[in-house]
Amino acid sequence: MLSYIVRRVLIGLMTLFFITCIVYALIRSMPGSPLTLELMDPSRKIDPEDIKRMEAIFGLDKPWYQAYGIWLANLVQLDMGRSLLQKQPVSWLIGQRIGPTLLLSLTSLFLAYLLSIPMGLYASVRAGKTDERVMSTLLYMLYSFPAFVAALLLQIVFAVQHDWLPLLGMYDEQHETFTFGEKVRDVFLHSIMPVTCYTYASLAYYSRFIRSNMMEVVQQDYIRTARAKGVSEVKVIVHHAFRNTLIPLVTMIGLTLPTLLSGSIILEQIFSWPGMGRLFFESITARDYPTIMGLVLVFSVLTLLGQLLADILYAVVDPRVSYS
Amino acid sequence: MSTSPPAPHIAETIPDAAPARGYWSEVWLRFRRRRLAMLALVYIIFLGLVALFAPAIAGTKPVVCKYKGEIYFPALGYFKREWENPVFYRDRFRREYPNNLQEKDPESWAIWPLVYQDPYRRVREGEWQDRPGNPSGNQGNPNEINLFGTDSYGVDVFAQMVHGTTIALLVGFVSMGIAGTIGIIVGALAGYLGGWVDIVCSRAIEVVLCVPALVLILAIIAIIEKPTIWHMMAVLGCTRWPDIARLARAEFIRLRSADFVTAARAIGVGRVRIMFRYILPNALAPVLVPITFGIAGAILIESGLSFLGFGAPPPNPSWGTLLNSGRANLQLWWLIVFPGAAIFLAVLAYNLVGEGLQEATDPRLRSAES
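Residue numbers (this note's numbering), protein chains in the order written: chain A, 26 to 349; chain B, 43 to 412.
Simulated from the structure, these hints should not be mistaken for lab results. Careful: at least some of the hints might be erroneous.
[Said to hold, decoys possible] List time: in silico DMTMM-like cross-link candidates among lysine to aspartate or glutamate, alpha-carbon distance up to 25 Å:
no.: 1; chain 1: A; residue 1: K87; chain 2: B; residue 2: E267
no.: 2; chain 1: B; residue 1: K108; chain 2: B; residue 2: E138
no.: 3; chain 1: A; residue 1: K154; chain 2: B; residue 2: E397
no.: 4; chain 1: A; residue 1: K154; chain 2: B; residue 2: E112
no.: 5; chain 1: B; residue 1: K110; chain 2: B; residue 2: E138
no.: 6; chain 1: B; residue 1: K268; chain 2: A; residue 2: E307
no.: 7; chain 1: A; residue 1: K154; chain 2: B; residue 2: E267
no.: 8; chain 1: A; residue 1: K154; chain 2: A; residue 2: D188
no.: 9; chain 1: B; residue 1: K122; chain 2: B; residue 2: E112
All chains should be modelled from the sequences, with the hints used to inform the complete structure.
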């Protein structure tokens, strides 16, 4: 097992090297540079020497592979560089944005699992009945419903037509003056619509996933045996069948790890939510190379870790799987 | 002695031996049994027809007209600017056909699109019989003239949506066509050849799979100076192939040691021919499933990108662009509800077809049925 993990980590490091290399080359070939924005500002006269100096600081005077080498060398020393846009260390920026994104993604993950497990079990018990068909069809439609359309519709109904929920952002303008209880309530109100949009699609996906796995398991011989022994139906479903569908469910947790942090670029943009997805969008439009690289690095490390975790968990929960 | 041949009589007595059905006709038979999937397929065909006949459904250019003794098809100009005959440009029609045709040639006649509305510009007052001009600003509620309302510039939403169908369908087909080709080739090489080719290809798959799709797409789109809808399709195709490649690789590994492949190799068939003439037809069905789901995904991503303002340049009517203009002013709910419904239905239809295909080609379900 240990040698397997070591081998996977080494391969993962190689993959990371390729990813960062490709992305660095890509973003360096985007038209415009971090300086373009500042140069376009007519109110500020920047003399050519300053531009040269700034280019040297940003590494723009070197070809991309040299600049990439410098970035990599700094990274090995655990330095992700400073954001060109916000003049702050990238790690600090990511630390700032990670909280709001996690607030959305963890809440929605929790809600999705909490609701989808009973729904999936219910659907598998009632398989083929009218109510199950209606529920499954509705869930399937929900699964195909684009989240950004849902977000806009929610905004229209709950924020524009009725003033029930705040339209944008995470905090009220007077957030600073609030007491603790009011602050919690404020963030809660702001997060209702984003969390809904985050949750519904994965809810539909998970419950369908659970149902299809259950349908496979309940056809197994040991379920028939359990029923023949006279075990109650609830116990058969929960204890005998559901426990065995946990395996794919557990591996899926590993695979959702990266989406927990990457957030949804589009949703965070619609709700002006100060999270990682929005940070990425801002840094792409501002050509903020170090921030883009930092975010891509975080996303891809998590994706690789998630895949590794899924494989390890697979071996842990299923004794038939071994990697030695 | 009877002269009639005895053959029909014999044929009647032998129990009707059904001719062995081919693999694909069997898949089609199973697919047809799923009512929802069939409904979805019909809807996709309907969308294809809408895209094909978009200029005849909504437009301001005659489908057919006779002008100064010649027959013209000005509506083709919606597909390609050059296909609109330059004679109308020379005669200063300024894109307004109804009155100009009458004025400049009283003998002329024309067959008009079903709905006289333009996806690119506002229809002005008196342009079409005595109809008032399209309302602009936030006055463009849906009414009998503008079925789905107008946007803030007074451009008809229904016309934009009809013409946007072309983009939505093209994006799905072209990008997944590219992705499917790359994916199948990479998967075939990795699965059939194995060894170091497999290692290299699998790394490539992992690298592309690891970067969040939107990150990669945004970065590539930002590189292109003037992105057109075709660039976007290419980018989508170049980033969405890993899933297909993984499935194709698994299929090729499975079939690599099949008897018919060994037989083909024994009689000296070349490697490329074995891969694409012998194995691929047998591996195609499972690979088609992620391609179908991918089309739904591509439509979602395209509308999402257009929505963010990274999509096709403005004069292109796309469902996502409409949503984007609706977001700027949430009062105009019709800019969100109608295009949103169109995206939803298209995605749903492709997902349903994909699922139908998955179940029709799944060997486990097949054995259970027969």
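Tested hints:
About 22 Å separates the Cα atoms of K87/A and E267/B, which keeps this hinted pair within 25 Å; it holds. For the proposed pair K108/B and E138/B, the alpha carbon gap of about 16 Å is at most 25 Å, so the pair holds. Pair hint K154/A plus E397/B holds up; C-alpha atoms about 20 Å apart against a cutoff of 25 Å. With a CA separation close to 64 Å, the supplied pair K154/A and E112/B exceeds the 25 Å bound.
The suggested pairing of K110/B with E138/B holds, with an alpha-carbon distance near 17 Å, which does not exceed 25 Å. Between K268/B and E307/A the CA atoms are separated by roughly 20 Å; this keeps the pair inside 25 Å, and the hint holds. Between K154/A and E267/B the alpha-carbon distance is near 55 Å, which puts this suggested pair outside the 25 Å criterion. For the suggested pair K154/A and D188/A, the alpha carbons sit about 40 Å apart, so the restraint of at most 25 Å is broken.
For the proposed pair K122/B and E112/B, the alpha carbon gap of about 21 Å is at most 25 Å, so the pair holds.
In this structure, the earlier hints numbered 4, 7 and 8 are contradicted, and the remaining ones agree with it.
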